[in-house]
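Protein sequences appear in the order of chains A and B.
Read left to right, the first sequence gives residues 1 to 183 (our numbering).
Read left to right, the second sequence gives residues 1 to 183 (our numbering).
Hints should not be assumed to be uniformly reliable.
Note that identical chains are pooled: a pair holds if it fits in a single copy or bridges any two copies.
[What the hints assert, rightly or not] Computed list of lysine-lysine pairs in PhoX-like fashion (alpha-carbon distance at most 25 Å, straight line): (1) LYS99 - LYS179; (2) LYS49 - LYS26; (3) LYS152 - LYS49; (4) LYS2 - LYS49; (5) LYS182 - LYS152; (6) LYS2 - LYS179; (7) LYS49 - LYS74; (8) LYS49 - LYS179; (9) LYS179 - LYS74.
I should point out that these hints are in silico values taken from the structure, not numbers from a laboratory.
This one's a predicted model, so the numbers in the text were calculated from it and none came from an experiment.
Number of protein chains: 2
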Amino acid sequence: MKVDLGVRDCLYPLPTTLVGSLVDGKPNYATIAHVGIMAYVAVSVSMGKMHHTNVGIRENGTFSVNIPPVGLVKETDYCGLVSGRHADKSTLFEAFYGKLETAPMIRECPLNMECRVIHTVDFPTHDIFIGEIVSTYCDEECLRDGVIDFVKVQPVLFVNDRRYWGLGEPFAEAWSVGKALKE
Amino acid sequence: MKVDLGVRDCLYPLPTTLVGSLVDGKPNYATIAHVGIMAYVAVSVSMGKMHHTNVGIRENGTFSVNIPPVGLVKETDYCGLVSGRHADKSTLFEAFYGKLETAPMIRECPLNMECRVIHTVDFPTHDIFIGEIVSTYCDEECLRDGVIDFVKVQPVLFVNDRRYWGLGEPFAEAWSVGKALKE
Numbered sequence: 001m002k003v004d005l006g007v008r009d010c011l012y013p014l015p016t017t018l019v020g021s022l023v024d025g026k027p028n029y030a031t032i033a034h035v036g037i038m039a040y041v042a043v044s045v046s047m048g049k050m051h052h053t054n055v056g057i058r059e060n061g062t063f064s065v066n067i068p069p070v071g072l073v074k075e076t077d078y079c080g081l082v083s084g085r086h087a088d089k090s091t092l093f094e095a096f097y098g099k100l101e102t103a104p105m106i107r108e109c110p111l112n113m114e115c116r117v118i119h120t121v122d123f124p125t126h127d128i129f130i131g132e133i134v135s136t137y138c139d140e141e142c143l144r145d146g147v148i149d150f151v152k153v154q155p156v157l158f159v160n161d162r163r164y165w166g167l168g169e170p171f172a173e174a175w176s177v178g179k180a181l182k183e
Numbered sequence: 001m002k003v004d005l006g007v008r009d010c011l012y013p014l015p016t017t018l019v020g021s022l023v024d025g026k027p028n029y030a031t032i033a034h035v036g037i038m039a040y041v042a043v044s045v046s047m048g049k050m051h052h053t054n055v056g057i058r059e060n061g062t063f064s065v066n067i068p069p070v071g072l073v074k075e076t077d078y079c080g081l082v083s084g085r086h087a088d089k090s091t092l093f094e095a096f097y098g099k100l101e102t103a104p105m106i107r108e109c110p111l112n113m114e115c116r117v118i119h120t121v122d123f124p125t126h127d128i129f130i131g132e133i134v135s136t137y138c139d140e141e142c143l144r145d146g147v148i149d150f151v152k153v154q155p156v157l158f159v160n161d162r163r164y165w166g167l168g169e170p171f172a173e174a175w176s177v178g179k180a181l182k183e
């Protein structure tokens, strides 16, 4: 039987990310799992308006999206517990910069994207920043024949049961397994 | 060492969904994993402009997002292989309707959202439909104390290595495990 849950986001799991920006010249990071991909070339990050990181994104029109591995789950969670208004998160990680000079990326994260804001969707409680991907960086050891190996990336998945989950195993080929139903 | 991959979306895994709409009065479904959550109350679906499903979304201003379980991976993949222009996908699943009368949801999927388009972001290749969630439906057996149990949902995760992946295990508490670093 179907139960009507009312308005309940249930699009899980999503990858837990650290969104970075430069606030007053200093890297700051927010823990954000409400993210999305758009048209292969852009990403959305849904950021509560209270976040200190938003100040830097608005100021510079740039941000980074960093995918932390399971081994950084404590640091990742910490960034969601403490605001940059009250704590200096700039020294938690080693920052590096790409083509944009104002999107601090996290060296300890195996995957990083530097993004330029191309659109903002304004919700009463959240700024949704849509950023075109300027460049993506990957740890060399997480690449296999040019394809990102997510077994090595070990992303931290978020489900709204307030827990972090691991990634399971691949079990079927996309654009393939459904061919059996074609005739 | 970091390798610059250029513009490469790497925000994976994302949940594979079936996006439904009514085209010429008939349910049609597209397989979409480029999705996102916005402000807890809305979702985005990034849909290539060639999709037949988009016609119905534009016509009615409504769509559904359905989360298929691992057991429906063949049907899910099939919906991404074959266009509703050439094949009738309306009989693949049992459709049901909620408060909106034009957003066909899939009974065989444990989670369903009916959505009303509130915003569209136009990319050259894709329509990004942002839909406010009107209501969410869940199979009773996938609920535990009112919380959605994703072990039972068994979502099909998509990674851009052209494979479907399973969900792993929960391994840490969110808004909690990072407290260790607070002092």
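Hint check against the structure, violated hint numbers in rising order: As far as the earlier hints go, 1, 3, 4, 5, 6 are violated by this structure, in ascending order.
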